[in-house]
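Novice: Sequence:
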Amino acid sequence: MSVPLVAVVAFNHFSPFHLSVPCIIFGDLLHDQKLFDLRIYAYESGTLRSNEGLRVESSLSAVELAQADIIIVPSWRDPAEKPERSLLEALVTAYARGSQIVGLCLGTYVLAHAGLLKNRKASTHWEFEQDFMCRFPDVKLDSNALYVDDDRLITSAGTAAGIDCCLYLVRQRYGSVIANKLARRMVIPPYREGGQAQFIERPVPVSTQDRRINRLLDYLRNHLNQMHSLDELAQYSMMSRRTFTRQFNKATGMSVGEWLTAERLQRSQELLESTSLPIDTIAAQVGFQSATSLRQHFKHRFDVTPGEWRRTFQGK
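Reminder that position 283 of the sequence shown reads as 283 in the numbering used here, one-by-one numbering, no gaps.
Rather than coming from a laboratory, the hints here were simulated on the basis of the structure. Just so you know, not all the hints are guaranteed correct.
Said to hold, decoys possible - DEER-style ranges, computed between Cβ atoms:
no., residue 1, residue 2, range
1, K250, H13, 36 to 46 Å
2, E270, E127, 45 to 55 Å
3, H300, E270, 14 to 24 Å
4, G98, R185, 49 to 59 Å
5, R49, H223, 50 to 60 Å
6, R135, Q266, 24 to 34 Å
7, M238, I188, 51 to 61 Å
As the list claims (entries may be wrong) - Only pairs whose alpha carbons sit at most 25 Å apart, straight line, appear in this in silico PhoX-like list of lysine-lysine:
no., residue 1, residue 2
8, K82, K121
9, K299, K140
10, K140, K121
11, K140, K118
12, K181, K34
Source: prediction; values computed, not measured. Just so it is clear, CB atoms sit at the ideal spot from N, CA and C, and this is done for glycine as well.
Using the sequences and the hints given, assemble the complete structure.
Specialist: Here's what the structure looks like:
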């Protein structure tokens, strides 16, 4: 029985980590059991080099690429660069004949340039979310998912999410037992909870251009554990309630309630990462009325629980 042919696309200035992920998972990691036939396809002629000086050579022709069962674009060197038509047409042809086409991290851009993701769901690295949506407004980008599968078009979030995505492909072909065995061999979890929302940097603005609002923000940060009414805060800022709400939104881009929730969640993250305080104590310190309220807001914003966040970022 033949095993699936997996083609990994390589190009000049490739990222060694991104290229190595599918090579490890679809290579001979289980030495006693051949699961895939892994080949490298060179997008450009000659020896390909990474910025670090590593070199790789191709073992797959353009004709063979279109016959692969799984084609993986492990990253891409420049979101603004459109790949040559030959590669894009090969991906379209392979997809039409039933192949799975995979874009890991910025490799999603290549699938989008090929037109494969039009009106499809997809994922890419969170840092490039706005750029991707501007370039490809007809793609339904999921900014939280670690990976997305939309009818044989599989895309993943950044860097290590490519591992999750590749294990998902193994799980599809051979089931959880084999995928778990590969994960154990790599000493990684076979499945990660939550999405990339827990890794996205969304800092609350420290200051604004409005001195009175800045003074209020400092006050609120020092009194997060207290409840605050709009009338009280307007009086503190020496404004009418209506003027205050307008000026606060103009200065911060958020309502008072949204700003307080964001600040309280950010402070709870810090306490979860740096202390062993119980969840109910943290909730009281940052101003949530109960541990349940903290858990609900935390899960809604980051798609993981406070306990899962602590285990991830404290390494326990």
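Novice: Next step is simple, just say for each hint if it's right about the structure.
Specialist: A quick look at each hint next to the structure:
1. At roughly 43 Å, the beta-carbon separation of K250 and H13 lies within the given 36 to 46 Å, and the hint holds.
2. At about 22 Å, the CB distance of E270 to E127 disagrees with the hint of 45 to 55 Å.
3. The hinted range of 14 to 24 Å is satisfied by H300 and E270, whose Cβ atoms lie roughly 19 Å apart.
4. With their beta carbons about 30 Å apart, G98 and R185 fall outside the hinted range of 49 to 59 Å.
5. Between R49 and H223 the Cβ separation comes to about 56 Å, which falls inside the hinted range of 50 to 60 Å.
6. For R135 and Q266, the hinted distance range of 24 to 34 Å is satisfied, since their beta carbons lie about 30 Å from each other.
7. Checking the proposed 51 to 61 Å range against M238 and I188 shows it holds: the Cβ atoms sit about 56 Å from each other.
8. For the given pair, K82 sits about 20 Å from K121 by alpha-carbon distance, which is consistent with the 25 Å threshold.
9. Of the supplied pair hints, the one linking K299 and K140 holds, its CA atoms being roughly 23 Å apart against a limit of 25 Å.
10. Taking the CA atoms of K140 and K121, the gap is near 5 Å; set against the 25 Å cutoff, the hint holds.
11. With a C-alpha separation of about 8 Å, the suggested pair K140 and K118 falls inside the 25 Å cut-off, and the hint holds.
12. A distance of roughly 13 Å separates the Cα atoms of K181 and K34; the hinted pair therefore holds under the 25 Å criterion.
Of the numbered hints stated above, those contradicted by the structure are hints 2, 4, listed in ascending order.
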